[in-house]
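Protein sequence lines correspond, in order, to chains H and S. So for the first sequence, UniProt numbering puts the first residue at 1; every next one is plus one. So for the second sequence, UniProt numbering puts the first residue at 1; every next one is plus one.
Calculated from the structure, these hints are not laboratory results. Treat the hints with caution; some may be incorrect.
Heads up, the list lumps identical chains together, so a pair's fine if it works in one copy or across two of them.
To be verified - Straight-line distance between alpha carbons at most 20 Å, and here's what the computed SDA-like set of lysine to any residue pairs gives:
#, residue 1, residue 2
1, 107, 178
2, 107, 179
3, 262, 252
4, 262, 243
5, 7, 43
6, 107, 267
7, 262, 204
8, 7, 247
9, 262, 251
10, 271, 233
11, 107, 152
The lines below spell out each chain.
Number of protein chains: 2
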Amino acid sequence: MTMSFAKIAIIGLGLQGGSIGLAVQQYLPKIATSGYDRDPATRARAAERGLVGHVAETAVEAVQDADLVIFCVPLGAMGDAARECAPGLRPDAVISDVGSSKEAVAKVLGEVLPNHVIIPAHPVAGTENSGPDAGFASLFEGRWCIITPAEGTDPFEIERLSVLWQAIGARVEIMAPAHHDRVLAVTSHLPHLIAYTIVGTAGDLEEVTQNEVIKYSAGGFRDFTRIAASDPTMWRDVFLYNRDAVLHMLQVFTEDLTELQKAIRLGDGEKLFDHFTRTRAIRRSIIEQGQDVASANFGRDGKV
Amino acid sequence: MTMSFAKIAIIGLGLQGGSIGLAVQQYLPKIATSGYDRDPATRARAAERGLVGHVAETAVEAVQDADLVIFCVPLGAMGDAARECAPGLRPDAVISDVGSSKEAVAKVLGEVLPNHVIIPAHPVAGTENSGPDAGFASLFEGRWCIITPAEGTDPFEIERLSVLWQAIGARVEIMAPAHHDRVLAVTSHLPHLIAYTIVGTAGDLEEVTQNEVIKYSAGGFRDFTRIAASDPTMWRDVFLYNRDAVLHMLQVFTEDLTELQKAIRLGDGEKLFDHFTRTRAIRRSIIEQGQDVASANFGRDGKV
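So here's chain H without its partners, still in its complex pose:
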């Protein structure tokens, strides 16, 4: 039994699927890649860009002979995608995915494909773009991929998947699915919810026009619009499928916001200053650990 996979099938050819396809072709050229997307326009564009070695016309054709199948579709589409592939799967094909909520994914894939080794995974990497033009080979460079195997999963298969992610640039962490869902609720899902909310709030005001919001967005607002431009289908599903963890984090956030609101109302400058000082340290650590760059304004000012 070899450590490497022979053929990887990618189901869903958007930002994540396309990036995996391009990265595998670049870093692991001996592995065959095939892909499928239920949208014909996406399939056509994926073929043009060469996101995978072969763009199949059906899911069954895509997974033929594959020893690893990675589902790169929104959480709500995982079940259907797995059902569509099932008739063509090799019995020993390992099943994985890139979804943002791991308990939900493990459950639905386990129901549809009960006889397969299923190892859910989540690369914590992305941009605000989506679709077949969004992917690029270096997306996972230096980012973390969290693998959330069920208890009792064959360690060899976990290792095989880890090696694959490392080969395309990611760092790998193994985590329990429930813990993953709480971590991501705070580092990804809550930020997106807040960003979507404030961008909506700003767009709907009566006393300030939308044009004014846009003109003066460089004061801070524009930072929120980047992630509020992310794929609506994917994010709808994240909030539906990781509901409990998101609602919990939202509750904590709301309590903290209420506290700062009270400090503003009472004119408690000391409390505000203390809070604003603490948050600087977290930024510094993120830059030190290579998860963001220090260039002021992310290079938006011509200084970098």
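Guided by the hints, dock chain S onto chain H, whose structure is given.
Here is chain S on its own, set in the frame of chain H:
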């Protein structure tokens, strides 16, 4: 009477003051510049970097012969800074500033310097960095500077100040101070408050460690940490001096967040999808109007 100023004094040599000094020296070399900062270390560094033509040892010395004085200090320090300069001011010196809350600034400067022409201004430009090393000449390039003169202000002086800001790269808009404060409450102050809150929330959780938050910040969280690394003194003052407008916008935001929370709780995918689709359009407009760049991830992924 000439359209140009002969000598500009800059009080406060941080990100804004330093950038104005560098920009004036670069684009308007005929105008003399002097500057003062109450922190000796900042003065020393400002002299090293040449942020202004002459770094004075006192505020009175800095404003000597200046026909324009720009206060670039936190809102809470404006009154003291103006008092310190008062004995040295030319009677015809125009007074301006760069503060984020215009009604409060007009009030305090008017009280301290009742016999001067005061024209508050606010360049909507910045980075997360502060201090004498943060400034750079192109900070205002393509950004808006909002000028908020009181009714009855001499149009010639307003024009003179506008021409100056345009010469150093900014686009100028004239606005009533109260409206400015509402616009900035939503495009700048609320985003900073939210960012400071969520970064604090994430840092304080019991069930997710701070190290996990940092490691997996690329999922969206890191976007908030940039503005939550802004200068704590400046931002404390913004919330103290623009309190009413901020509390109002916060109220609207909280209502909207509660609505999305309810949609998540009830599993109302349609409502979530509709909301997430609308917010994309605002992002697009911001990029079209040159207030942000479209490069995915702000060039953080090596693709740009």
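How the hints compare with the structure:
1. Proximity of residue 107 and residue 178 under a CA criterion of 20 Å is satisfied intra-copy only: 12 Å inside one chain copy versus 54 Å between copies.
2. Taking the shortest alpha-carbon separations for residue 107 and residue 179, only the intra-copy value of 15 Å comes in at or below 20 Å, while the best inter-copy value is 52 Å.
3. For a Cα distance limit of 20 Å, the shortest separation of residue 262 from residue 252 qualifies both inside one copy, at 16 Å, and across copies, at 16 Å.
4. Proximity of residue 262 and residue 243 under a CA criterion of 20 Å is satisfied inter-copy only: 11 Å between copies versus 28 Å inside one chain copy.
5. Taking the closest pair of Cα atoms, residue 7 and residue 43 come within 20 Å of each other only inside a single copy of the chain (19 Å); across copies the shortest separation is 64 Å, beyond that limit.
6. When the C-alpha separation of residue 107 and residue 267 is checked against a cutoff of 20 Å, the pair qualifies only between copies, where the shortest distance is 18 Å, while the shortest distance within a copy is 49 Å.
7. Taking CA atoms no more than 20 Å apart as the test, residue 262 paired with residue 204 passes between copies only; the shortest distance there is 19 Å, against 25 Å inside one copy.
8. Proximity of residue 7 and residue 247 under a CA criterion of 20 Å is satisfied in neither setting, with 39 Å inside one chain copy and 57 Å between copies.
9. Taking CA atoms no more than 20 Å apart as the test, residue 262 paired with residue 251 passes in both settings, with 17 Å inside one copy and 12 Å between copies.
10. For the homomeric pair residue 271 and residue 233, the shortest alpha-carbon distance between copies (11 Å) is at most 20 Å, but the shortest distance inside one copy (39 Å) is not.
11. In this assembly of identical chains, the alpha carbons of residue 107 and residue 152 lie at most 20 Å apart only when taken from the same copy (15 Å versus 69 Å across copies).
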